[in-house]
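> Chain residues, written in single-letter form:
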Amino acid sequence: GQNIDQPTEMTATEGAIVQINCTYQTSGFNGLFWYQQHAGEAPTFLSYNVLDGLEEKGRFSSFLSRSKGYSYLLLKELQMKDSASYLCAVIEGSYQLTFGKGTKLSVIP
Amino acid sequence: IAGITQAPTSQILAAGRRMTLRCTQDMRHNAMYWYRQDLGLGLRLIHYSNTAGTTGKGEVPDGYSVSRANTDDFPLTLASAVPSQTSVYFCASSDSDSGHINEQFFGPGTRLTVL
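Residue numbers (the numbering used here), protein chains in the order written: chain E, 1 to 109; chain A, 1001 to 1115.
These are computed hints drawn from the structure, not numbers from a lab.
The hints are all genuine.
Here are the simulated DMTMM-like cross-link-like pairs (lysine to aspartate or glutamate), alpha carbons at most 25 angstroms apart as the crow flies:
no. : chain 1 : residue 1 : chain 2 : residue 2
1   : A       : Lys-1057  : A       : Asp-1072
2   : E       : Lys-101   : A       : Asp-1038
3   : E       : Lys-104   : E       : Glu-77
4   : E       : Lys-81    : A       : Glu-1103
5   : E       : Lys-104   : A       : Glu-1059
6   : E       : Lys-101   : A       : Glu-1103
7   : E       : Lys-104   : A       : Asp-1038
For clarity, every value in this text was computed on a predicted model and none was experimentally measured.
Bound-form chain A, shown alone:
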């Protein structure tokens, strides 16, 4: 693994189903993020984690949950998918320790369609 990986690459999901998007990084970054990107709306933060064991809500958290059991993994769960959650989802990570500029590195994205 080099950088950040996401799985699956794309998924078509029936409304009401549960879905977990996976994100793994091997850079030992302390901070991780989940964004959704929609046409005309740009990137919007869903949830974030500043360090393993902690999470926080972003701009659009409703309908999503996250966990951060260890440094490398940051899964995003849709408990009961709805069509408005159709989007491209990006995971990102950054090293926010003192002395770094906190540049975020992005995974390749997951394209999710909820029917």
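Extracted from the complex, chain E is given alone in its bound form:
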């Protein structure tokens, strides 16, 4: 089984940088995903890490440390439209993802 922890809520200011952390415990690891979910909508894919290090994609970056069971999602130059829930998910073994409970990010002016 897996245990995935991430903060329940965060607030940040427009234009700032925010880091959303995710820790996990798993007996086998085949990759970690970050998804974005706006209220009332479906989750959409943001990033994927399987090796240690930083993956950058525009304003969003994701970091993974497999030895520490730790990942973070970094959002730069925050915009109001970034207000959403951010879901950390780990794939263990085969195809199934196990999701954390999500972090609700509120971006304020």
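Assemble chain A onto chain E, guided by the hints.
Then chain A, alone, in the frame of chain E:
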């Protein structure tokens, strides 16, 4: 059709009734999934199918059944609905063949209320 579609968008159902939630994808993905999302509990896997003709149980399978007669369709059935099955249901699919990262694509969701 583009991507994944789900039907109905929302439904109010009397307890004890049978209900089938429909899910169709046109991406020829081999793997499909059903999740429920509840406030404070996040997304939880109900059932999955790695390929047409096979299904498996996820974290919360009780009270639900699925079938996968072909690649495109993956219906979820509640045989006798109970109020605790009130939730938002998401269908997803992924291409899990070698060389792909197995990113899951989600449908728009079905909001189900059981009274």
